[in-house]
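Peer 1: Protein chains in written order, with this note's numbering: chain W, 8 to 415; chain R, 8 to 415.
Just so you know, not all the hints are guaranteed correct.
For identical chains, the list gives no copy identity; a pair is met inside one copy or between any two copies.
In silico SDA-like cross-links for lysine to any residue, where the CA-CA straight-line distance does not exceed 20 Å [as the list claims (entries may be wrong)]:
| no. | residue 1 | residue 2 |
| --- | --- | --- |
| 1 | LYS409 | TYR212 |
| 2 | LYS99 | GLU89 |
| 3 | LYS158 | GLU283 |
| 4 | LYS75 | GLN28 |
| 5 | LYS167 | PHE285 |
| 6 | LYS14 | ALA77 |
| 7 | LYS78 | GLY56 |
| 8 | LYS90 | TYR212 |
| 9 | LYS90 | ARG63 |
| 10 | LYS29 | GLU84 |
| 11 | LYS301 | ASP112 |
| 12 | LYS99 | TYR88 |
| 13 | LYS61 | VAL117 |
| 14 | LYS61 | LEU82 |
| 15 | LYS301 | THR123 |
| 16 | LYS400 | ASP118 |
Hint data in this document are derived by calculation from the structure and do not stem from the laboratory.
Each chain is listed here by its residues.
Number of protein chains: 2
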Amino acid sequence: MKKSVLKKYAYLIAKVGANVQKGQYVELTVDVNQEVLADYIVEACYKLGARMVKVRWTSDKVEKTTYKKAKLDALCEFPEYEKARQEYLNEKLPCMIYIESSDPDALNGVDVAKYTEVRRSNMKIIKPYRNLRENKYQWIIAGAASPAWAKKVFPGVPTKKAVNMLWDAILKTSRCDDDPIKAWDEHNKDLKKRFEYLNSLNLDYLHYESKNGTNFKVWMNPLCNWLGGGETGQDSGIYYNPNIPSEEVFTSPLAGKAEGIVFSTKPLSFQGQLIEHFSIRFENGKVVEVHAEKGQESLEEMVHMDEGAAMLGECALVPFESPINETGLLFYNTLYDENAVCHLALGHGFTNLIKGYEKYTQEELFKMGVNDSNLHVDFMIGSRDLNITGYTKDGKKVAIFKNGTWAF
Amino acid sequence: MKKSVLKKYAYLIAKVGANVQKGQYVELTVDVNQEVLADYIVEACYKLGARMVKVRWTSDKVEKTTYKKAKLDALCEFPEYEKARQEYLNEKLPCMIYIESSDPDALNGVDVAKYTEVRRSNMKIIKPYRNLRENKYQWIIAGAASPAWAKKVFPGVPTKKAVNMLWDAILKTSRCDDDPIKAWDEHNKDLKKRFEYLNSLNLDYLHYESKNGTNFKVWMNPLCNWLGGGETGQDSGIYYNPNIPSEEVFTSPLAGKAEGIVFSTKPLSFQGQLIEHFSIRFENGKVVEVHAEKGQESLEEMVHMDEGAAMLGECALVPFESPINETGLLFYNTLYDENAVCHLALGHGFTNLIKGYEKYTQEELFKMGVNDSNLHVDFMIGSRDLNITGYTKDGKKVAIFKNGTWAF
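Put together the whole structure using the sequences plus the hints.
Peer 2: Structure follows, in structure tokens:
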């Protein structure tokens, strides 16, 4: 990839994504295979006035070896200095930039139950700290093409070419064109029109139907807004874009009120394991049955991670002809695939969707019907024939999606 | 480099170098460009029974950008969680494995005074913690070929070939042959004979002479031993090899007693800057004058880093025909170049050379004449015509080095 293009992408991430402000701290989490991009992002953050940018490097290779070789109790150790770091994050509220470039099969061969147990154990400690900073800091997830991921997306293509092709797809779907700042401004305006209309409807529930078998109802949280594109940091008032790309208009539904069955329309990469061709059935808002042609064990671990993992935290609407879906690619990465078509998410909901959320603690917000969990996993259910009908509080029926795309 | 060879090297580092024991913690510091080797080392440590291996990734690229762009006061911040980590290190005493692969010019362009000030500021905080764990944990420094370093060692050679050539040199000088364990065992026995003889002499001072202008006397610390090759951890009693390769027999001379001038015979890479063709003159044990054809500023910053930086912490004897010198290469890296020929080190001395050091605190040991500093920089003074004459406490004259090599 050309240096000038990578630099432009790095600046897009720092400026439009994190919107780094003068004097702010930044933490960048990125794989060791992305040193050049990481360096450009660090430089872009300083250009925007960052006080200190720290890089937290990750390595799928070493992570896999660690999970395979270390004992469970060693993996679950959470030293005091890591707790001190959580306090530091709450004090400094650094912008968090996450760059995803993992091979979707990176952790293949790792004991799923062991991995899940470690995450559960760590999250139990991190969660109370994170609740204190939730919604207050800027964050952004964006992608970067690694050889292993590129070969998964373009099987049979020589590595170097596949990496370039994946970069092209990433840059295109991220609107990293001649003037990315302007493109994102216009895109955010369009998403705003959509979610403002949905907010005006006063929806009671949505009914999803597709010939693939999906027949599913989910109830809206009357206290929750729909949102899309950029968000605004609590207290700071800083506008940032937590996902690049982002095509979705979404809300957090009422935890514990959903009925019926949904069928996946894209594979899901969860903790480095692929889950394919699956269905999830809900009763009284909770998952009661899952079936996967591949990755059944991972899917079961997922929905049993904690109480909230079996309930929905998000309903997101994305037209079937989205720029990402139009690439015709399966990215095996949620950031892209979730923005290709309509999806739902199990687990953690978004407390900042509650109207006037600034006035409440995280605990209070969860009590208002936003689902609480250490998990948040999006899975895709959008198809070309998906119809979604809205039923409003005052008994009206409104077409939301018709044949896979916006009906309004 | 072939996988099987890299794996053998990784095992040599973990087994002969760190000598990782069952249940031990390990921290591996390594550049992001060495992911494959890092993964093999992690695996080797677990094979030896490590409880947890943590990797601390470094990146010269990002370090350079950070030092260029961040403000001095931001760079000097030392958050509480980093202090908590120092306490963790003192509690767990993890084995520390350091892999060096840096471009010797990596930090070219960085403000030397700024860099030194940051190091000084950080070391001031770290030092008291480190004093508490000094000599108690196993540690090892070894090398790995990176493209930038290889191109420096083999200018004009295509990158891939240069990397392979540097790997060959690293593996050869590290005795990573058919049976590295046996080779290191024999090598350590040979070094032991040498330092035991030197210890038996009861030396008062050494006199260095060479036609290049070196004419220099340095006084021995009567409480200090000579040592070479492996060392033994205090309390643990675990034998480990802190340098791979290692060819030197060395001691810490009496701080503050040295006279005369020494001329460098190899360039020195200090904090990512090259210092070449330099001389250092001592009076009353302290540096009073330095001259460098290249890197004068770096050399001056170095000797003024703190009080102990202007005094000697180490005298090391290495024959001119050492395996490293015989490669004919200049590595631009102290680990290799210091083990090519005789050298001295400014700064920090080795308190574990004091006979019965286990019975004293670090502070007490420094008062016994071992130099104390946050700096420890080796510089090479060995030449083909170097003569070193020892003068014993009882007035005898003993030839130690004759024409660049052992006289006994």
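Peer 1: Determine for every hint whether it applies to the structure shown.
Peer 2: Hints, verified against the model:
Taking CA atoms no more than 20 Å apart as the test, LYS409 paired with TYR212 passes inside one copy only; the shortest distance there is 16 Å, against 93 Å between copies. For the identical chains of this complex, LYS99 and GLU89 are neighbours both inside a copy (15 Å) and across copies (15 Å), given an alpha-carbon limit of 20 Å. When the C-alpha separation of LYS158 and GLU283 is checked against a cutoff of 20 Å, the pair qualifies only within one copy, where the shortest distance is 18 Å, while the shortest distance between copies is 46 Å. For a Cα distance limit of 20 Å, the shortest separation of LYS75 from GLN28 across copies, 19 Å, qualifies, whereas the shortest one inside one copy, 41 Å, does not.
In this homomeric assembly, LYS167 and PHE285 never come within 20 Å of each other (Cα to Cα): the closest approach is 33 Å inside a single copy and 46 Å across copies. Taking the shortest alpha-carbon separations for LYS14 and ALA77, only the inter-copy value of 19 Å comes in at or below 20 Å, while the best intra-copy value is 38 Å. In the homo-oligomer, the alpha carbons of LYS78 and GLY56 lie at most 20 Å apart only across protomers (10 Å), although the nearest pairing inside one protomer, at 43 Å, exceeds that limit. With identical chains, the CA atoms of LYS90 and TYR212 are never at most 20 Å apart, being 41 Å at best within one copy and 52 Å at best between copies.
In this homomeric assembly, LYS90 and ARG63 come within 20 Å of each other (Cα to Cα) both inside a single copy, at 16 Å, and across copies, at 18 Å. When the C-alpha separation of LYS29 and GLU84 is checked against a cutoff of 20 Å, the pair qualifies only between copies, where the shortest distance is 17 Å, while the shortest distance within a copy is 36 Å. Within a single copy, LYS301 and ASP112 get their C-alpha atoms as close as 13 Å, which meets the 20 Å cut-off; across copies the closest is 50 Å, which misses it. In the homo-oligomer, the alpha carbons of LYS99 and TYR88 lie at most 20 Å apart both inside one protomer (16 Å) and across protomers (13 Å), since each shortest distance falls under that limit.
Taking the closest pair of Cα atoms, LYS61 and VAL117 come within 20 Å of each other only across two copies (18 Å); inside a single copy the shortest separation is 29 Å, beyond that limit. Taking the shortest Cα distances, LYS61 and LEU82 sit within 20 Å of each other only across copies (11 Å), while inside one copy they are farther apart (24 Å). For a Cα distance limit of 20 Å, the shortest separation of LYS301 from THR123 inside one copy, 18 Å, qualifies, whereas the shortest one across copies, 56 Å, does not. Taking identical chains as interchangeable, the C-alpha atoms of LYS400 and ASP118 are never at most 20 Å apart, the minima being 46 Å within one chain and 66 Å between chains.
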